[in-house]
Structures are given as C-alpha cells and as structure tokens.
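A.B. asks: Given next are the chains, with one letter for each unit.
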Amino acid sequence: MSAESGTATAPGQRSSGGFDRSRADRGGPATTWRAFATSARLGWQMEANWTDPLLFFIYSVAKPLASALILVIMVQIVSGGGTGAAAARAFVVIGSALWAFVLAGVQGIAWSVLDDRERYRMLKYLYVSPSDFLVVLVGRGVARVAVGGMGAAITLVVGVLFLGVSFDPGRVDWGMAVVVMIGGLAAVVALGILMAAVCLQTRQESWSYPEAVAGALFLVVGAVFPLSVLPLPVQGVSLLLPLTWWMAGFRQAVFPATISSVGGDGSLFQALAGSATPDATTIVLALLATTVLVTLVTAVLFRFSERRAKDRGLIDRTTGS
Amino acid sequence: MGRRPTPGVLVSDVPRPTDAISDHAIEARAVTRVYKARPAPVTALAGIDLEVAPGEFFGLLGPNGAGKTTLIKIFTTLLLPTTGTARVFGFDVAVQTKQIRRIMNMVAGGEQSGYGVLTVREQLWMFSQFYGLGTREGWGRVDDLIEAVGLGEQRLQRISSLSTGERQKMNLARGLLNDPWILFLDEPTLGLDVSAARVVRHLVSDWRAAVPGRTVLLTTHYMAEADELCERIAIVDHGRILAIGSPAELKRMVQRESIFRLELDRLDGGPAVLAGLPGVVHASPAGGADAGAALDRQTVAVNLVLTDDAALGGVVGALGSLGAHIVALAKSEPSLEDVFVELVGRGFDDAPAEASR
Amino acid sequence: MTGPNLYVHRRTSGPRAAAAWDRRQVLMNNLRTVLGRAFPRLIGLTREPSWLLFEVGLPFLTTSAFVLVYRALQAPSEYIGFVVVGGAMTAFWLNVIWMMAAQLYWEKDQGNLELYFTAPMDMMAVLFGMAIGGMLASCLRAAVVLVIGSVVYGVHFSVDQWLPLLAVFFLTLVALYGLGMMLASLFVLWGREAFHMTQLLQEPMYFVSGLNFPVGQLGFLGALAVALLPLAVGLDAMRQLAFAGGPIVFTTPPPGVEVLILVVMSVVFLGLARFCLRTMERLARHEGRLTARWR
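Chains as they are written, first to last, in this note's numbering: chain A, 64 to 384; chain B, 10 to 366; chain C, 4 to 298.
If you are wondering where the hints come from, they were derived from the structure by calculation, not from laboratory data. Certain hints may be false.
Label pairs and their computed distance ranges (CB to CB) [as the list claims (entries may be wrong)]:
| hint | chain 1 | residue 1 | chain 2 | residue 2 | range |
| --- | --- | --- | --- | --- | --- |
| 1 | A | A343 | C | E290 | 31 to 41 Å |
| 2 | C | P250 | A | L117 | 40 to 50 Å |
| 3 | C | E290 | A | D115 | 14 to 24 Å |
| 4 | B | G161 | A | F120 | 54 to 64 Å |
| 5 | B | V336 | A | R184 | 29 to 39 Å |
The C-beta atom is built at its ideal place from N, Cα and C for all residues, glycine as well.
Just chain A, same shape as in the assembly:
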C-alpha cells in the first residue's frame, strides 16, 4: 500500500519507497525445498568435513558393524555353528544394520537442536528466519540419516559376505522394499522430530536422551529378537510402532528366508490374525497406518514444545554443567 496514494500494490510489486507486504507472505513449495536443501547441505558439511575421508568412512561403519558383531558373538556363544545359529545370526545382523538408520535419524535431528542451541548459538537465528523451523531441522537430520544409511549398507554387505547372511537377489520383492523403506524412514524422521521437541525443553546434558529412547525402542520393535519373546502386553505396544513393521517388512522383502520378527509361535500377532507370519499387504498397511499415527502425534507435540519453548525463552538459552 502506498502511503501517499492509498492505492493497493500488487503482490511482488514494490510500493513507492515503502514496505513491500508481499515479502511477508508465506513462501511456497520452492521456498520450503530451498530451506530443506540448504539445511541438508549444511548438515552434510557438518557431518563429513571434520576429518579425512578414510577416517570418516571408518567412523561411519564402525558403530553399526560393532553393534552387529556384539550380537553375532552372542549368537555364536550360545548356538554354535548350526543352521539355527545361521538364522539367528542373519536376524540380528539385519536388525543391527537397520538400527543404524534409527540411531542416526533420531540422534541426528534431536542433536541439531542441541548443537545449534548450545554449541553454535545459531538456533535463535534459524528460528527467526523465514524458513520453517521444522523443515530446517529435518534437513539437518537427513545428513545423519544418510551417514546411517552408509553404515547400514556396509553392515549388510559384511553380513552377506562374511557372517553367513543368506541373500538371493532373485527373491527380493523390490516394490515392497521401496515402500517399506520410505515408510520406515518417514517414521524414523518423525521419531527424530519427537526427540527434538523433547530436547527443546531440556538442558545440555540431554545429548544422551535420543540414544536412550532409541535404546528403549530397541527392546520392543523386534530389531534383534522376535517379538514373541516379549510379554503379550508389550507385544501390543510393539505392534503399534511403525519401526516394528518396517523391520518386519524389510526382512520379508529383502531377506525372505529370515525369521519373522512380528509373527511366530506364541506371538500376539498369531493370536490376533490367526497366522504365524504377516503377509506383505498386512505389513505395508500396518506400516503406513502406524507411521501416519506417529507423524500426527509428533506434529502436535512438536508444535506444543515450540510454543512452550517460546513462552519460557528456551530457544536462545544456553545451559550446561
């Protein structure tokens, strides 16, 4: 609006010497993509530029590989070298590999908040920028998910080549694998945002919180043992988690010879569905439904956390002990 003439100014048209209101309009998909891409690039720079490529590679694969090896040794001690041991070994290796995604995603997004608030003191500047804070967070976390993916892939390769995990490309259900991975990663990102919401409220020492939550989830999603080992009520909780269906779906799609994490004798799934093993459709639908549920809950909680953080001045505070 021009102060002198009182006539309206078209969007994008600068009023004569005055404030251009259209600049305050919310940006469209292009702006959102730009924010995401920029923060993803920043996240990758921060993840990858701290050392030489060899050490970075070692760092990226050491954690998931070590996790897998711990479990492999555990299997080896108890079961020796029989076929049962091979099946158990494959089960834990695949679960450990996928868990690298979870850890990276949950930690990556949550740590973005802590990093930017406590170390770089940039959180307030990101927050007051026009970019959607949530988009920036997700972009930053994506880099860590990518690093986690690298570790997961290497662990699976090592598992197939050296640890006796049976893999037949001809038996892979690629369509299901793609759908399951998309749904699973969406769930991982949602969990990461949930942890970011928690970290917005907590102090600097909450670096360990995302890992603690991931560790708790490790217990109930069938990552390294079938759900049938858990008490029935706990299995009920497990079946409501998208990570459970993601793990089961990936195993079924890519490594169909492995034991089902969801089904099996004595499992709640068998009691409910009457079948020992869920089929592909059940897995995909369950994954999508639980992912949507978790995403909705996360969205609500994140906005609540944001509001509370603004109300209490937590966005630019630094804590520490």
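Keeping the supplied structure of chain A fixed, place chains B and C upon it in accordance with the hints.
C.D. replies: Then chains B and C, alone, in the frame of chain A:
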C-alpha cells in the same frame, strides 16, 4: 605541531625502570607471536618491548587485529610467545604459570562462559573454589562482591537469564574473587551500553584504588576509555608498539601547544590585540560554524593558540583590562585517534591499505 | 559508591608472597576444585529431573534388549547375569567418555577452558570433579540395572569374596577415569574430531570389552582387550567373582591376576593422564588452541 616521533620510542617522562625484574609488574622483551595459518603464517606480534610498573593502570590501545588480545593472552599464560620473554611480577610466563595464575585474574569483554543452570551466586562460588578460597570463605566473598558490583537483585537468578551488562558485572566479580595483584582486562566494556560501561569502569577504578599496588592492564579500542582510566598507554598496531606514554604526553606528540576557543562579549581591536601577549602563539577569529553561532549571539569568537595552559591567565587578565567579558571558554584537545593517525597515517577504522607511510 | 572494604579481601605482603603456595594450599585448592566442579553437575541434577527417565530408566530397557536376545537363544542363565553386570558398568564408561573425555572440548567451545587455565588449580582436579559430579547419575543407573535386572530376570549372584569384588570395582573406576583424563587431553587437541571419536568409543568398545559376553570368547582380541582396556578386564574379573563356581568356564586370567592388571592400569593411566594433560597444555599454548572455538 611537534616532530613526528620514531615509532616505538618511549616518550614518557617517567624514569626508565631498572633491570631488576622484580621491579616490574609486567615485562616483555622482544616478544613475537606467529600463528600457523593457511595460506601463510600470521604475525600477530612483531617484537614487543614493554614494562609496566606495579600499581600502574596501563592501557593497550589499538584497532582490531593490532595484537592486543594476543599480548594479553601471553601475559595470562594462555599463549606462549614464539620468541622473546615475558614476565609477570618476575615470573616467566613460559615456565612459571602456576605462580602467575595465583596472583592474577582476567576478564574479557563479551564473555559468555559459565554454566547456565547455575545462579550468579553459585557460579561465582564455583570459581572461588578454583582460586583457592575456602568453602565458607568463598560464599562470604561472593556475597561481598555481588553487592560491590551491584548484582544484589540478580544473585539468585540463573546466569542464562542475565542481560549483557549484568553478565559482565558478574564476570568482573569473578575477576576480583582471588584479590589479584594484577588484573588483565581484555576489552571489558565490549558490547555494553554507555551506562553499563561506565559502571564497569568505575568498579575497576574503585577496586584498584582500594589497595595500593594493584596493577591493571587494559586492552581497548575505545579511546575515551583509555583516556579516562589509564595512566600510561601503549598504542599498538600490526603487532608493534608505536608509542608509549601518558594520554597527555601522547597528545602532545601531535599538538604541543594549548588551543582554546574563546567567546567574548566584545573585543576592541579584534584578536590581533591578543597576539602580542606573553605565551600567545597565535590569535585569530574563529571560522565556520563557530563564527556563525557567535554572530547570532552577537559575540566575538576567537581561536587562541598558547605555548601552554599557564599563558591563559595572562590572556584573561588582559581581556579584563580591555573591558571584554568571557562568554564561553573551551579547550580543544587532540584525541588519541589523532595520535594514531599521526603515527600510522590512517584512522582506527580505515583499512591498512590506505596508510600513507 | 561502595565502600572500599568490599574490595579488600586477603592481604599478602606482595605478589611474590601471594604466589608462593605451600603443599597444603595446593592440595586444598585441588580438593576444593573437585568439589567446585562437581557442584554444577549436582545442581543440574536437581534442577532438571528429566535425567531420571532418560539416563536411568530408559537405559535399563536397552540392557533388557540384550537379556531378551539371550532368552530368545535359550542361553544359560549366567549369560543374562553377564549382560546385567555389563549394563551396569556401561553407565560408568559413558560417564567417562561423555562427561570427562569429551568435556574439555565442550568447555573450550563454551569459553570456559581459558578460565580454567588461568586459574591456579590442576586440570586433573577439574576433570575429577566432572567425573564425581556425574557419578551420582551413573551409580543410580548402575544400581537400577543391577537390582531391577536381577529381580526381573532372575539373576542369581554367587559371590564368594566380596572384598576382591569391591576392590575390582573400585580399581576399574580408577583406571577408567585415568583413561578418561588421558582422552580428555587428546580431545582438546583434536578439536571437532573429539565429538565423533567419542562416539567411536561406544559400540566398538562394548564389543572388544565383552560387554554382553565373556571377553575370552574373542580369542586373541579378547586377550589384548584384557591387557589394555580397563572395562574389559574389570568386567571379566567382576563376572568371575560375582558368578563364582558357575558352569561357565572363563578362558581369561583368574581374578587375582586381573586385579594386578587393574592396579598397573590405574597407575599407568593416571600417570599418562598427568603427562598428557601437561603436554596438551604446552602444545595448546604453543599453537594457540586453548581459546580457538572454530575447529
């Protein structure tokens, strides 16, 4: 104007300190500091010679990047000199760090250190333990200092919620906890508003005045601050000391005479009648805005250049006998930036490439 | 204007007298530093109670996951005991690497490191204070895992010799914290790498230390771990003493030998820590890294 001095030459009238190292609070001999950096090493200090007497309030004045903070880090044992020696009360900064740390403290401007979860009182008490105070003694000392710096109302407030000025007061209180014999202040009023900066300066002055022998080394790029607080100042640029002296001595480097601006209700015969008076170097009508303002007020404005301030008395007496009354009298002094420009050929804020030397 | 007496505290005859501390003053300074540095950690625990859930409650669930792996494999019950003991000791290892080893790096980032180095106390006292401050949470976490894990999962301990068991526990902590101090000095110099290197010290260390299984199962690697890593030898000794007379045969040295190894490790790591901290400080002062923030 006086002759341009040789950079680094001591111009102070204070007798040169003796060679006995314990006579100096701070002593630096040919100190250099080179940082390894890409693409080329950076020379932060290019040969510093400096002596500060015990009980002196000494300033290092220079633009950003001059080397002030590097030098103070060497004295506070955070950094080693690449070559040369530096001592604090006779203790070598390279090998006698523990002794130095027991008798000194440091406060930097813009400090954001500390633990946000603690209150002001708790934060200071924690540091009191680091400085060797007893547990109860520490609480008592903290409470005294909190009152002294004016943070009584904020004592139970978490430090993460302090304003910039309050935080700097807390930092200053931390710096005084161990009753240091020498206090290093690295741009302590950086980022503070006028009122907060004034408070910090007064606190430092009061603290120093309370016990004879307390030494302060202040680095700053605020001329007025150096002028107000320091007994002697070293002007630093590009890692070198260009001149050392009291503020008055440094200003006399660029202006040896005293310049006054007089506004009189009348002056029969004009400024020329004053030119012949003893001590008067030059008397001329004021020009520019001064002249315009005087015309509006129907007064006479005169620029008077005297050999020294003492000659003013004679001028005033002569004016009285001429029947002229003084409406306004102001002394025109060069600033320390004028000194810097005189030495370097550029202002504090000008880029080095514009230097005419 | 405040009265001058508020600025006068302790009077000494001069700076050289003020700088001349006797051994008692040095000792008391360092002891008070331990208390002072532990103080913010302890205060933080009371002011932000979320750690109870995230640092004590949830990690118990992580330990439970490994217990259930053994259950799924129908392993002997002693292995579940191994996981419980390993889970308890994890708390101390995490305290060492995150609250001590990486801590100086964080302090440099926050601008606190230069304040520590301009104060007269020993840096080992500061690090020890950090460890003590985190000890409460670690002990609580370990206790929860041990007690609740034992009750829920039916672990039966058969301890013949309590004194050696307590000695092993204590010596393991001393050696661990000595190692943590040594790492802290390295991390100050490594800069940003410190954060990532600390992460590398989690799962890989769990693996080579036999967190969830007897380290002797790793063969030569296990033997090496017992010789070099406090967590490995401490865990193994504790398991041998806590489950004495059980059916599991340990292929590692007996507890008596492992106690000696821990004693040697304690001395070596504390000595190395002192050396590394002094070397770190000298190098950092030489290269100007005590105050660099961007690495």
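A.B. asks: For each hint, tell me whether it holds in the structure or not.
C.D. replies: Now the hints, each set against the structure:
1. A:A343 x C:E290: 31 to 41 Å: violated (59 Å)
2. C:P250 x A:L117: 40 to 50 Å: holds (45 Å)
3. C:E290 x A:D115: 14 to 24 Å: holds (20 Å)
4. B:G161 x A:F120: 54 to 64 Å: holds (57 Å)
5. B:V336 x A:R184: 29 to 39 Å: Hint violated: Cβ distance 55 Å, outside 29 to 39 Å.
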